[in-house]
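Following the hints, position chain B against chain A.
From first to last, the protein sequence lines are chains A and B.
In this text, residue positions in the first sequence follow the numbering used here: the first is 1, and each later residue adds one.
In this text, residue positions in the second sequence follow the numbering used here: the first is 1, and each later residue adds one.
Where hints are given, some of them may not hold.
In silico DSBU-like pairs for lysine-lysine, Cα to Cα no more than 30 Å straight-line [as the list claims (entries may be wrong)]:
no. : chain 1 : residue 1 : chain 2 : residue 2
1   : B       : Lys28     : A       : Lys42
2   : A       : Lys28     : A       : Lys42
3   : A       : Lys28     : B       : Lys28
4   : B       : Lys28     : B       : Lys42
5   : A       : Lys42     : A       : Lys79
6   : A       : Lys79     : A       : Lys28
7   : B       : Lys79     : B       : Lys28
8   : B       : Lys42     : A       : Lys28
A few chain B residues facing chain A, derived, Cβ under 7 Å [said to hold, decoys possible]:
no. : residue
9   : Asp17
10  : Phe95
11  : Thr133
Pairwise CB distance ranges (calculated) [unchecked claim]:
no. : chain 1 : residue 1 : chain 2 : residue 2 : range
12  : A       : Ser29     : B       : Pro187    : 30 to 36 Å
13  : B       : Pro187    : A       : Ala220    : 39 to 45 Å
14  : B       : Glu152    : A       : Ala103    : 34 to 40 Å
No lab work stands behind these hints, which were simulated from the structure alone.
Here a beta-carbon is modelled for each residue, glycine too, at the ideal position from N, C-alpha and C.
Protein chains: 2
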Amino acid sequence: MSLGRVILVGGGPGREDLLTLAAVSALKSADVVLFDRLAPHKHLAEMAPQAVLIDVGKTPGHHPIPQIEIERLMVAHAKQGSCVVRLKGGDPFVFGRGGEEVAACRTAGIDVQVIPGVTSAVAVPSAAGIPITQRDVSRIFTVVSGHAPLSENELRGLAGLAGTIVVLMGVSNMPQITQGLVRHGMPANTPMAVIERGYANDQRTLISTLGSIVYDAANAAVTSPAVIVIGEVVALANSEGAGAAQLIRESASHIPWE
Amino acid sequence: MSLGRVILVGGGPGREDLLTLAAVSALKSADVVLFDRLAPHKHLAEMAPQAVLIDVGKTPGHHPIPQIEIERLMVAHAKQGSCVVRLKGGDPFVFGRGGEEVAACRTAGIDVQVIPGVTSAVAVPSAAGIPITQRDVSRIFTVVSGHAPLSENELRGLAGLAGTIVVLMGVSNMPQITQGLVRHGMPANTPMAVIERGYANDQRTLISTLGSIVYDAANAAVTSPAVIVIGEVVALANSEGAGAAQLIRESASHIPWE
Chain A
1 MSLGRVILVG
11 GGPGREDLLT
21 LAAVSALKSA
31 DVVLFDRLAP
41 HKHLAEMAPQ
51 AVLIDVGKTP
61 GHHPIPQIEI
71 ERLMVAHAKQ
81 GSCVVRLKGG
91 DPFVFGRGGE
101 EVAACRTAGI
111 DVQVIPGVTS
121 AVAVPSAAGI
131 PITQRDVSRI
141 FTVVSGHAPL
151 SENELRGLAG
161 LAGTIVVLMG
171 VSNMPQITQG
181 LVRHGMPANT
191 PMAVIERGYA
201 NDQRTLISTL
211 GSIVYDAANA
221 AVTSPAVIVI
231 GEVVALANSE
241 GAGAAQLIRE
251 SASHIPWE
Chain B
1 MSLGRVILVG
11 GGPGREDLLT
21 LAAVSALKSA
31 DVVLFDRLAP
41 HKHLAEMAPQ
51 AVLIDVGKTP
61 GHHPIPQIEI
71 ERLMVAHAKQ
81 GSCVVRLKGG
91 DPFVFGRGGE
101 EVAACRTAGI
111 DVQVIPGVTS
121 AVAVPSAAGI
131 PITQRDVSRI
141 FTVVSGHAPL
151 SENELRGLAG
161 LAGTIVVLMG
171 VSNMPQITQG
181 LVRHGMPANT
191 PMAVIERGYA
201 NDQRTLISTL
211 GSIVYDAANA
221 AVTSPAVIVI
231 GEVVALANSE
241 GAGAAQLIRE
251 SASHIPWE
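This is chain A alone, in the form it adopts within the complex (with noise of 0.2 Å):
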């Protein structure tokens, strides 16, 4: 029996049409396909038709299958020969563990292949209208996990550039994240937003800064998924001005060309 092999697909922030066309073709000729919670995943059956469709549900803090687990399906699977698609949200080498898991496979003698995606870190600030960076602004954007703490140097670099600072798996770190940038000097008024449920029909967007944002987001109660943005850009994302929080549902309609 012939070695298959394996094809790391980046889905995108979830919408089915910000999947590349490289990624709906390497879902039709899939013989398995292990998808993340956060890739889209409603309409795999027709769009992998040969395909059996393996849950692996990873959300943050939430690994219903372990890492181990997965890279072990992926592997075994190929080894019987199939095209193996690991269909992940966002990008593959985001924090997705992409580069772990083309580890795995290198290990095992098989063949990988990675197919990027349309990162959420850069995408869904855009679907709220901001502009990650933008000319006399910001040229200069952070993305960081904000799955842990981060660590005194992190906080201090990032007070220091003075750029746009993305969390990705941020929400329950925020009061860490927010009271560390402003102990290494970034202004308390700093315009932040947390994006939750990015493209989704029910995505809402926070508008405050980084010395309310906590209480505010206490208040609206914002859960994960989430992604969070710090910086002057967030201040472009609407002209009523900055003052008060700002809560802005979106509806499906107010999502970028529908």
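For chain B alone, coordinates are given in the frame of chain A:
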């Protein structure tokens, strides 16, 4: 006559199959397409069959059509009732002047939407086998425009973060950037890569170190467009380890999923 509209479309790093389904659909319905040189444009006549195609040829340091004229064209065609697609390389909000183009449309009262794209900042390293984040190596990455020299604050902040640094449009400022990072304490032996013409058939990757890459890039005659990656993740690109500058020529067959 009713007003038309503008759709800013992220075209991804240049390969046509890295266009999203939403991008393909926008092109299909376009009456006018204004495209950049780094956007995928070889088969635009088939992809946008009804459209007038206008090459605005924006590459770093070379603007055949000034930005203000691009914005004027975009608005003028929309005012005539056309569906105008502004096709950009990468993502419209990652140094793409997308924010300015959105503002120009809003000022003119034109409906404008943004379709995010696969950003070269993440995808081009991936094409060279470099994951920009990796568990236990880097959980933070910064993307900066190297079009102008970096400020002392930026260099100090980047050196302090100790995460992955991605520089776009930075080939000509590489001496200033590398010397500045070393001066602010980043080790001269930090792995560094320059990936020229990501995803093209003649994609080429130079792997060296922060201290040596300027010399090595001159020897290898590195030119724009290129994506620069600095950080420990560069060492994951291959297993041969560091040493002298490694020049890897990647033919089409080495590019992922071909």
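Here is how each hint holds up against the structure:
1. At most 30 Å may separate the alpha-carbon atoms for a hinted pair to count; B:Lys28 and A:Lys42 meet this at roughly 25 Å.
2. Taking the CA atoms of A:Lys28 and A:Lys42, the gap is about 15 Å. The hint holds against a cut of 30 Å.
3. Distance restraint check for A:Lys28 and B:Lys28: the Cα-Cα separation of roughly 22 Å lies within the 30 Å cut-off, and the hinted pair is therefore satisfied.
4. Our distance criterion of 30 Å between C-alpha atoms is met by B:Lys28 and B:Lys42, whose separation comes to about 15 Å.
5. In summary, the hint linking A:Lys42 to A:Lys79 is supported, as the alpha carbons are separated by about 28 Å, within the 30 Å threshold.
6. Restraint check for A:Lys79 and A:Lys28: the C-alpha separation of about 20 Å stays at or below 30 Å, so the hint holds.
7. Between B:Lys79 and B:Lys28 the alpha-carbon distance is near 20 Å, which keeps this suggested pair within the 30 Å criterion.
8. Annotation: proposed proximity of B:Lys42 to A:Lys28 holds, straight-line Cα distance about 25 Å (limit 30 Å).
9. Hint status for B:Asp17 relative to chain A: holds, with the closest Cβ pair at about 4 Å, below 7 Å.
10. At about 5 Å, the closest approach between the beta carbon of B:Phe95 and any beta carbon in chain A falls short of 7 Å, and the interface hint on this residue holds.
11. Nearest Cβ of chain A to the Cβ of B:Thr133: about 5 Å, under the 7 Å cut. The hint holds.
12. Distance hint for A:Ser29 and B:Pro187: a CB-CB separation of about 44 Å, inconsistent with the stated range 30 to 36 Å.
13. Take B:Pro187 and A:Ala220: their Cβ atoms lie about 44 Å apart, and the range 39 to 45 Å holds.
14. Between B:Glu152 and A:Ala103, the C-beta spacing of about 38 Å keeps the proposed range 34 to 40 Å intact.
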